[in-house]
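Chemist: Residues per chain are reported as follows:
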Amino acid sequence: MKPDLAFKASYSRMNQYIHLLSSSGIGLPTDLWVSSTDNIKPQTSQQFAVGIAKDFFNKDYSVNLEGYYKTLDDVIAYKEGASFLAIDNLESGKNSNWEDNITAGQGWAYGAEILLRKQTGPFTGWLGYTLAWSERQFDELNLGKKFYDRYDRRHDISLVGIYKPNEKITLSGTWVFSTGNNYTLPNQQRVANPVGFPIFNNSAYSSYAGVEDFTTQRNNFRGETSHRLDLGVQFHKKKKKNRERIWGISLYNSYARRNPFIYTIEYKDFDPNNPYTEEKELIRTSVLMLIPSINYTFKF
Amino acid sequence: MNKYIQISLFFILLCSACQDPVDPDELLNVNDRTYIIGYLSPADTLLTVHVSTAVPAIGIQIDLNEPSGDLERYIIKDALVIISDEKNNEIQLTYNPERKNYQVAATEFSITGGNTYFLRVSANNKEYTSTCTIPERIETIAEKITLREKNEYYQDYNLDFTFQDIIGKNNYYLIGGNAVIDTEDGPYYSYLNFELNSFLTDAIGDGEIIGQNSTFSYGITDEATTAKVTLQVTNVEEILYLNRRATYLNNYNEGNPFVEYSIAPNNIEGEDGVGVFAGYQLTEKVIEYELK
Numbered sequence: 001m002k003p004d005l006a007f008k009a010s011y012s013r014m015n016q017y018i019h020l021l022s023s024s025g026i027g028l029p030t031d032l033w034v035s036s037t038d039n040i041k042p043q044t045s046q047q048f049a050v051g052i053a054k055d056f057f058n059k060d061y062s063v064n065l066e067g068y069y070k071t072l073d074d075v076i077a078y079k080e081g082a083s084f085l086a087i088d089n090l091e092s093g094k095n096s097n098w099e100d101n102i103t104a105g106q107g108w109a110y111g112a113e114i115l116l117r118k119q120t121g122p123f124t125g126w127l128g129y130t131l132a133w134s135e136r137q138f139d140e141l142n143l144g145k146k147f148y149d150r151y152d153r154r155h156d157i158s159l160v161g162i163y164k165p166n167e168k169i170t171l172s173g174t175w176v177f178s179t180g181n182n183y184t185l186p187n188q189q190r191v192a193n194p195v196g197f198p199i200f201n202n203s204a205y206s207s208y209a210g211v212e213d214f215t216t217q218r219n220n221f222r223g224e225t226s227h228r229l230d231l232g233v234q235f236h237k238k239k240k241k242n243r244e245r246i247w248g249i250s251l252y253n254s255y256a257r258r259n260p261f262i263y264t265i266e267y268k269d270f271d272p273n274n275p276y277t278e279e280k281e282l283i284r285t286s287v288l289m290l291i292p293s294i295n296y297t298f299k300f
Numbered sequence: 001m002n003k004y005i006q007i008s009l010f011f012i013l014l015c016s017a018c019q020d021p022v023d024p025d026e027l028l029n030v031n032d033r034t035y036i037i038g039y040l041s042p043a044d045t046l047l048t049v050h051v052s053t054a055v056p057a058i059g060i061q062i063d064l065n066e067p068s069g070d071l072e073r074y075i076i077k078d079a080l081v082i083i084s085d086e087k088n089n090e091i092q093l094t095y096n097p098e099r100k101n102y103q104v105a106a107t108e109f110s111i112t113g114g115n116t117y118f119l120r121v122s123a124n125n126k127e128y129t130s131t132c133t134i135p136e137r138i139e140t141i142a143e144k145i146t147l148r149e150k151n152e153y154y155q156d157y158n159l160d161f162t163f164q165d166i167i168g169k170n171n172y173y174l175i176g177g178n179a180v181i182d183t184e185d186g187p188y189y190s191y192l193n194f195e196l197n198s199f200l201t202d203a204i205g206d207g208e209i210i211g212q213n214s215t216f217s218y219g220i221t222d223e224a225t226t227a228k229v230t231l232q233v234t235n236v237e238e239i240l241y242l243n244r245r246a247t248y249l250n251n252y253n254e255g256n257p258f259v260e261y262s263i264a265p266n267n268i269e270g271e272d273g274v275g276v277f278a279g280y281q282l283t284e285k286v287i288e289y290e291l292k
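Top line first, the protein sequences correspond to chains A and B.
Residue 1 is where the first sequence starts when you use our numbering, and the numbers rise one by one after that.
Residue 1 is where the second sequence starts when you use our numbering, and the numbers rise one by one after that.
A few of these clues could be false.
[What the hints assert, rightly or not] Here are a few chain B residues that sit away from chain A, every Cβ distance over 10 Å (derived from the structure):
1) L80
2) E90
3) I111
4) I204
[Said to hold, decoys possible] DMTMM-like, lysine to aspartate or glutamate: derived pairs with alpha carbons at most 25 Å apart:
5) A:K280 to B:D25
6) A:K280 to B:D272
7) A:K146 to B:D272
8) A:K268 to B:D25
9) A:K145 to B:E271
10) A:K280 to B:E90
11) A:K59 to A:E167
[Claimed, not checked] Residues of chain A placed beyond 10 Å of chain B at every Cβ, according to the derived structure:
12) S45
13) G51
14) Y78
Rather than coming from a laboratory, the hints here were simulated on the basis of the structure.
Note that beta-carbon positions come from the ideal geometry of N, C-alpha and C, so glycine has one too.
My request is simple: use the sequences and hints to build the entire structure.
Modeler: Quick look at the structure:
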C-alpha cells in the first residue's frame, strides 16, 4: 500500500501424509508421527490469514500483526481405552493393530500474532506474542463434544535481544513464556458402585477404599505455565581467507525455573501418626534446569 | 580430564531433574459436585437412588482402617428424592442408613417397560433433574455348555450363550452370570466374567443373534454333581451402557500410563450435578447343569 506499509491476506489448502498422534494423559508424552495408510486418510487443512506490516523510524523498527483461522480434517487420536503399546496384552503377548486404536476427527485453530522487531543497529531483537485457541472434535472421544487440544496454548510470548557491541562479541538473551499443556486428569473422586446392578463386572476392579476417580471432560487439566531465560555470549575471531572461529558459552534456563515436564499422581509418604490412611498428591517432574554449555564453530 | 568432564555432566543431569508436589488448591481448583446415580428396572424389589458428594481426588485423606465408615462423609443424607412417571404419579424415596441410599419398595411405584420416568433431587439447596426410559426385555436366552478340559485337579467348562436382538431399535446389552457349585464347605461361586465382552450392541445388524462365551470350573475334590448356572442379559439405555463401559475401562486400566482415559457420560441436569439415571430390563435364565 505504501513503501513502509503492507497488507497481507492468504488462503492455503494443504494435505499432510503424516499425522501427530498424542496421548492425553499426564504421564510421559507419547507423541508419535505416523503415516497415512489405506485406513487412515491424509490430514487436510485450510487456512485463512490476514495481516498488516509496517516499518517505523527509517525501517529501524517494524511491526507485524496477523490473524488466522484454520480448519483441520482427518486429524487422528487414540480411542478411549486404547493402549499406546504395540503389545496389547503383556501376559499373552497378543499384538494389537495400531490402526484399530485410532479414531479420526476434526480440528480448529485460530488466533492472532503480533511481532515487534528492531532490525538495525548494534542492538536487535524482537518481541512476539501469540493468542491462540486449538480445538478438536471426534465422534468417539469426549462423548462427541468439542475439547481443547493438548497443545492449546492460550498465550505464547518470546522476547529476544541480540547485542553486538563490536565485531568480536555477541551477547544474546531469549525469554520464552507459554501457557501449560492440557491433560486428561481424573481429578474428582466418588463412591464406587453405590447402587446395585445385576451384572458383575465393574465391581471386580474397584478399589479397596470404595472410591473411584473420574473426570467428565477430556483435557480438563491445564498444566502450569512454562517460562525460562536463555543467555549466551559468542566470541568471534576472523581468520585468513574469510574464515571465522566462534567460541560460544550459553546458559539454558538461567534462573532454573522448574517447568513441568510430566505430572504423576502418587500417594503421600507414609505418615506414622496416621498409618492407615492414604492421600494422593500431584507431582510435577521438571528437567533441564540451568544447563550451561560451550560450543565451538569454525566457518570456512 | 575426560573423567572430570563425565562426572560434571552426570552431576549437571542429576541436578537438573526434580520432583515437587503441586498445590492442588491453586492448580486444580475443583468444585465439589453432587453425584446422583439410579438404575430403574421392572425387576427391582427396591427402587434405589444414591446421592453423595464428589470431591477432589487429590489432597483428600482416606481412612483405610474403615473405608466404608469413612465414606459416610461423602453421603448426602438430607436430600429430597422423588421419582415420577408420565401421568404425574410420584413417590418420595427415603434415606436408608444401612445401604447409604434413598430407597422405596417397588410395590409402591410401578416401573414398566417402555415408560419414561423422571427424577427430581433437591440437595445442598440445589435442584437436579433427569429422565429415563425403560427399554424392552429380551425374551429368551439359549446356551450350550461343553466340557473343555478335565484333569485330576479340576474340570473346566465352556459356556456359549446367545440371544436375539430386539428388532427395530438400537440396543445396548450387558451380559453376565454365575455358576454355583455346592461343595462340602458351602456354595462355590464362579462368576462368568466376560470382561469387556460383556458390553454388547446390535451393531452387527438389527434383530441378529448375538452371542458370547465364557468358562467356569470346579475342583474334582468338591465331589459336586450339578452346577446351578445363571445367565443374565440386561437391555440397558445407551447412557447406562456408555457409563458402565467407561467406568469398567478406567478401573481396569487404573495406574496404566499407556492407556487413554475414557469419559463417562452424564445425564444429571443441574448446577455441578454428575451421574446417571437410567433404565434397564433384566432377563435371567437359571439351569441345573449336570457336571460330567
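Chemist: Taking the earlier hints as the rules, which of them does this structure contradict?
Modeler: 10, 14
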